[in-house]
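My request is simple: use the sequences and hints to build the entire structure.
Number of protein chains: 2
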Amino acid sequence: CLIRGDNAFARANRDKLQQIFLASREVLAGGEGDGGAERVSIELLAGFPRDVYALNASPESREYWQVFDRTTGEELPRERWRFLPDKGAVEVSGARRWHRYGADFLAFEIWESINRYNHRVNNWKTEPEMPLDPAHPEVRERMKANLAAWLDRNPHVSVVRFTTFYYGNGRGGWGDYGRTVSPRALELFRQRYGYRLTAETFTNGGLYNPTHRPPSKEYADWMAFQHDFFMETTRPLVDMIHARGKKAFFLLGDQWIGSEPLEGRFAELGMDGVVKSVFNGFEARIAGATESVPVREIRFHPYFFPKEVTGKPTFCPEGTPTEDLRTYWADIRRACLRVRIDRIGFGGYVSLLEKFPDFVEYVAEVSRQARTIRALHEAGAPYAGPVNVAVLSSWGRTRAWMCSGHMQHASVYNQMLESLSGLPVGVEFLSFREVAERGLPAHVNVVVNAGRSGTAWSGGEAWRDPALVERLTEFVARGGGLVGLGEPSACEGGDRFFRLAHVLGVDREPVPGEGNADYGGWLEAGHFIAADAPAGGGLEFVSSLPNLELVSPDARVVAWVKTGECAYFHKYLQPQIVANRFRSGRSVYFAGFKYNPANTRALGRALFWAAGQEAAFDEWRCDDLHAECAYFPGAGRLAVVNNSREARRTAVHLTGGGRLELELEPLALAVREV
Amino acid sequence: CLIRGDNAFARANRDKLQQIFLASREVLAGGEGDGGAERVSIELLAGFPRDVYALNASPESREYWQVFDRTTGEELPRERWRFLPDKGAVEVSGARRWHRYGADFLAFEIWESINRYNHRVNNWKTEPEMPLDPAHPEVRERMKANLAAWLDRNPHVSVVRFTTFYYGNGRGGWGDYGRTVSPRALELFRQRYGYRLTAETFTNGGLYNPTHRPPSKEYADWMAFQHDFFMETTRPLVDMIHARGKKAFFLLGDQWIGSEPLEGRFAELGMDGVVKSVFNGFEARIAGATESVPVREIRFHPYFFPKEVTGKPTFCPEGTPTEDLRTYWADIRRACLRVRIDRIGFGGYVSLLEKFPDFVEYVAEVSRQARTIRALHEAGAPYAGPVNVAVLSSWGRTRAWMCSGHMQHASVYNQMLESLSGLPVGVEFLSFREVAERGLPAHVNVVVNAGRSGTAWSGGEAWRDPALVERLTEFVARGGGLVGLGEPSACEGGDRFFRLAHVLGVDREPVPGEGNADYGGWLEAGHFIAADAPAGGGLEFVSSLPNLELVSPDARVVAWVKTGECAYFHKYLQPQIVANRFRSGRSVYFAGFKYNPANTRALGRALFWAAGQEAAFDEWRCDDLHAECAYFPGAGRLAVVNNSREARRTAVHLTGGGRLELELEPLALAVREV
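From first to last, the protein sequence lines are chains A and B.
In terms of UniProt numbering, the first sequence opens at residue 1 and continues consecutively.
In terms of UniProt numbering, the second sequence opens at residue 1 and continues consecutively.
Worth flagging that the hints you see were computed from the coordinates, not collected in a lab.
Hints are supplied without guarantee of correctness; some may be wrong.
Since copy identity is lost for identical chains, a pair holds within one copy or between any two.
What the hints assert, rightly or not - Taking lysine-lysine and the DSS-like style, the derived pairs with C-alpha atoms no more than 27 Å apart in a straight line are:
1. Lys217 to Lys246
2. Lys571 to Lys307
3. Lys312 to Lys355
4. Lys562 to Lys312
5. Lys307 to Lys125
6. Lys307 to Lys355
Pasting the structure below:
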């Protein structure tokens with residue numbers, strides 16, 4: 001790690017620590033003043049840990065501070081507030097009674113977040129490490145000198161791994177660029193882009209810039225600026241490593257901000273490999289999608305620490321690490337069948353394993369399976385059906401397979417990604433903007449749009465652009481497929497809530513009347529999509545959109561659920577899956593989702609049906625919902641996995657109509673020549 | 001009925017039939033034209049029943065037509081469309097490829113809707129009745145003459161009931177003024193209000209103006225205009241009835257538009273009574289709230305027709321009318337205990353009862369109980385605890401106790417109203433505007449705000465007014481209580497989703513990240529509000545808001561539910577009820593609701609707790625959740641009801657600490673002197 005652990009330099013250069021815009025706690029004007037107007041004092045660091053943040057009260061920092069009436073959303077003019085250095089506070093004059101006031105300000109980070117995490121969770125007792133900001137040329141020089149010295153001291157090392165680059169995730173979590181700011185970098189941005197960013201660009205009134213929030217134009221510009229900076233900063237470091245005949249790997253995890261290794265110019269660095277820590281299949285697909293490096297490694301949870309990164313006990317008496325690993329591997333393995341993963345790894349204190357011999361044994365089994373799967377990939381990619389899926393989001397390829405870090409269990413988008421990560425279809429990621437500007441690539445035959453209204457996944461304001469609606473309408477009208485989950489294409493203010501309701505054949509009431517919609521007349525049992533679901537459906541979803549109405553005579557509810565009993569006259573039926581035909585194309589709507597065998601199967605069927613490829617669905621498919629398979633034509637082998645903890649028996653439908661019967665031990669991987 | 005059944009006059013005066021603005025079906029520009037622009041033809045009446053609507057293509061009608069690009073929401077200038085009389089269509093030129101186009105136009109109603117309903121559901125075979133529009137002086141004169149003739153023919157009648165007034169509910173359902181329009185009335189409006197209304201004021205792009213939609217300024221003006229018209233039109237009719245020594249009643253149901261009998265100047269008519277048809281308690285409270293008339297009658301379902309108004313079979317072999325009436329009466333009776341209802345009634349074909357003697361017997365029982373309850377009210381109102389509730393909505397007192405007609409089972413607001421209709425608290429209804437302008441009346445100690453974001457119940461755009469937020473913040477800060485259900489004070493675009501999150505102590509993520517919120521640290525079992533709920537809560541709600549986060553350190557989750565299992569590390573706990581203290585006041589948040597005994601009790605407790613009146617909650621309270629009581633201090637009597645179909649045993653807590661033990665037969669009403 002290059003930006004922490006150099007406390008001697010950091011102490012001598014406190015002005016070169018990393019910085020962040022923070023949104024203060026909001027203070028309610030208590031109505032004590034004259035005529036409702038009064039002075040309100042906002043203590044800037046109130047509620048923030050003082051061992052992490054220190055106010056940057058320099059004049060160039062204060063140029064960026066902003067104070068808001070959060071009740072009205074209006075920024076206060078400068079003459080309405082002043083900084084009180086003694087109190088570390090901002091004082092607002094003429095505050096309106098019962099309004100909420102908040103300030104955005106700049107703070108130094110005096111304790112690097114991962115180091116602090118290890119102090120708290122893993123009882124580290126070392127001196128807190130201060131993060132240096134490579135925005136300063138002096139820091140970059142220091143980093144180079146430190147790396148050179150380290151390389152000199154470690155001539156035996158053949159692979160150098162950047163455990164971290166420079167900036168950690170901001171307060172918005174995964175992918176938030178909030179920790180990349182400084183007056184120096186912001187001034188360089190202004191010179192290059194011709195306009196000035198504000199604190200609010202980064203704080204958004206305290207919501208910050210999580211991955212699930214669609215990026216503003218300003219924030220997107222800043223990301224591009226930071227990526228350029230990352231490339232300039234990193235190239236000499238990689239070159240130094242290569243010059244000494246070593247390989248350079250990096251961990252895509254804690255301090256990856258600015259790198260965006262899935263797209264852009266990252267490949268120009270010539271980095272040799274990526275390591276991605278994973279719980280789930282979709283995370284393994286992130287590693288698999290990092291095509292900018294030749295070697296892709298996944299690092300398993302649980303780490304060899306007493307507690308998991310999530311706080312769950314693992315290598316301690318209450319822990320069940322072997323069971324945990326079984327769970328993770330069953331999910332990750334599905335993804336490994338679809339995309340080549342070159343290496344697997346673990347990390348932490350190996351000494352902790354002494355008390356868990358069954359864990360060590362299972363790691364050996366996982367390693368065997370992973371090697372077997374990698375070998376299958378070596379003779380070429382696995383068979384994928386004639387379905388090419390484009391998943392839409394605000395990020396497109398840049399954040400392919402990403403959601404908000406580890407699994408967001410309440411998120412329909414994340415649950416869908418997890419199911420998708422092991423399905424035999426082609427998958428790529430496109431941004432709303434590129435679809436609006438250029439339409440869909442010719443090979444794509446199904447588009448997926450999923451998530452809650454207003455998010456980067458569903459699209460939010462992107463749907464106000466008629467070009468996006470036009471492109472997707474045309475795509476389906478001319479024979480394409482659309483699969484929407486949750487609140488696809490949702491945007492307030494129109495005559496429809498779903499801007500693609502005319503394609504989906506279903507909409508949520510734009511202003512919810514919450515009537516007693518009974519869909520009896522539109523139910524269609526035994527549809528291809530729901531063929532493996534219990535009669536009617538009754539699928540288990542983590543989230544489900546109510547108040548749906550069918551808006552096309554061609555729409556059919558193919559799976560539904562009863563949500564209540566009514567002594568009067570209503571059926572309380574709620575659609576779960578709606579299939580529709582639109583011109584030459586098709587659409588499928590899921591009112592919610594959850595990653596489980598029945599839903600994964602329904603999603604697979606929906607993708608094939610939407611693409612008009614039902615006939616191809618049976619090829620290389622397991623009968624049993626708990627079994628999945630991947631056929632490797634190059635290797636002439638078929639891999640079949642049992643995702644469940646029970647022994648299963650399944651048939652695999654082969655190309656040409658044959659069947660292969662298999663008995664599978666719990667969680668087994670079986671490989672057959674075919 | 002004065003506006004229908006005069007077909008001879010109607011046939012001779014087709015230009016004086018009632019009219020309505022309709023939003024045409026949307027037509028998708030199919031992309032066949034040159035460079036993406038083409039001509040699109042919108043057949044105006046496509047999809048509408050031709051036996052109900054006839055195009056009004058007169059020049060003064062066409063002045064009001066509008067054509068929209070619904071994809072962008074933009075109105076097309078006149079030169080972009082023309083009317084094709086032969087096709088009954090509007091042709092749009094230069095339509096953009098894949099955009100949706102729709103037209104608003106004016107149509108005559110040639111078949112009155114209730115008459116048509118009876119033809120369809122009850123097999124009436126009479127000539128379809130055409131509805132006349134009293135906007136025309138000739139129609140008003142004709143109505144007067146018809147009424148005079150009828151009164152002359154029926155000297156024996158002592159009570160004249162207006163089964164209908166003039167205009168039925170518009171296409172938006174209950175309370176929609178869409179059927180009151182005509183070029184003549186719109187011109188009179190323009191002269192009086194100084195501006196011109198458009199078709200879109202009434203169609204809203206096909207969403208029309210349901211009660212659950214917050215009214216626009218223009219629509220509210222039109223409602224006031226129509227109420228004035230209603231008063232002018234109705235006064236001479238009522239006077240005629242009174243002049244002959246008869247009483248005038250009216251049915252609050254089918255054609256009540258314009259009357260708004262709960263507020264305004266309706267009382268000036270001197271009408272003698274109201275009849276309201278009811279399934280539920282909240283509807284009985286509408287009748288009870290009609291203080292503009294001295295006599296209030298409720299008319300029970302099921303009507304003596306083979307099928308219920310909802311289509312449910314009743315007086316026919318598949319029907320179970322006695323069971324239905326038991327269900328309705330159990331709910332309605334709770335409301336009758338809280339407010340005086342003077343009369344009960346039924347309607348329909350009495351001959352149908354012959355085959356249902358048990359129904360007739362049960363009607364006798366209902367009548368006995370209703371008379372008993374009315375007698376209790378005669379010596380004064382029942383005891384209500386020291387809790388005075390103001391329910392907020394866009395409508396306030398004008399639509400007190402109303403939702404969207406009969407029960408909307410999926411609506412948290414409607415379910416809450418039903419529970420509230422039988423609780424021993426004072427209830428009034430206030431509009432967001434009057435609260436923003438004048439604050440809360442001094443006697444109110446709890447405010448209720450409930451419903452889905454964007455509705456007239458939750459408030460929608462009303463929450464952008466800082467004055468509303470100020471007033472309610474002040475109210476709670478100074479000791480008041482706030483109870484929010486569903487999406488209270490919700491409005492997009494701020495740093496909070498709930499604009500009163502600082503008071504409620506809880507918010508939904510403004511941009512849903514849908515993380516794995518586990519509320520373990522904030523759960524508080526055994527709270528006063530959840531004292532009767534199963535440990536932890538696990539209440540049954542028809543709707544429940546996910547992605548909640550506690551935003552105040554004083555907030556406590558007092559009821560919660562487990563929504564799933566997670567093999568990894570998450571608890572899948574979702575808050576159901578959150579209690580918070582804010583300055584000197586309190587707030588309670590319900591993430592959903594459903595009218596049932598456990599939730600009704602929790603709502604009652606929440607109202608008392610929010611008002612700081614826990615100590616008073618036990619007075620005149622039944623232990624058993626299925627039993628409720630009302631104490632009538634004037635009569636010195638206590639009425640206890642068993643709402644369930646099982647025998648129950650309950651204690652009633654009396655003032656001063658005493659207890660009365662009772663055994664109650666299924667659905668029993670017991671009255672005791674105390």
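The hints, checked one at a time:
Taking identical chains as interchangeable, the C-alpha atoms of lysine 217 and lysine 246 are never at most 27 Å apart, the minima being 39 Å within one chain and 72 Å between chains. In this homomeric assembly, lysine 571 and lysine 307 come within 27 Å of each other (Cα to Cα) only across copies, at 17 Å, whereas the closest approach inside a single copy is 48 Å. Taking the shortest Cα distances, lysine 312 and lysine 355 sit within 27 Å of each other inside one copy (18 Å), while across copies they are farther apart (67 Å). Only between protomers do lysine 562 and lysine 312 lie at most 27 Å apart by alpha-carbon distance; the minimum there is 19 Å, versus 35 Å within a single protomer.
Within a single copy, lysine 307 and lysine 125 get their C-alpha atoms as close as 17 Å, which meets the 27 Å cut-off; across copies the closest is 77 Å, which misses it. With identical chains, the CA atoms of lysine 307 and lysine 355 are at most 27 Å apart within one copy only, with a shortest distance of 15 Å there and 72 Å across copies.
Figure legend: structure checked against the earlier numbered hints; the only hint not met is number 1.
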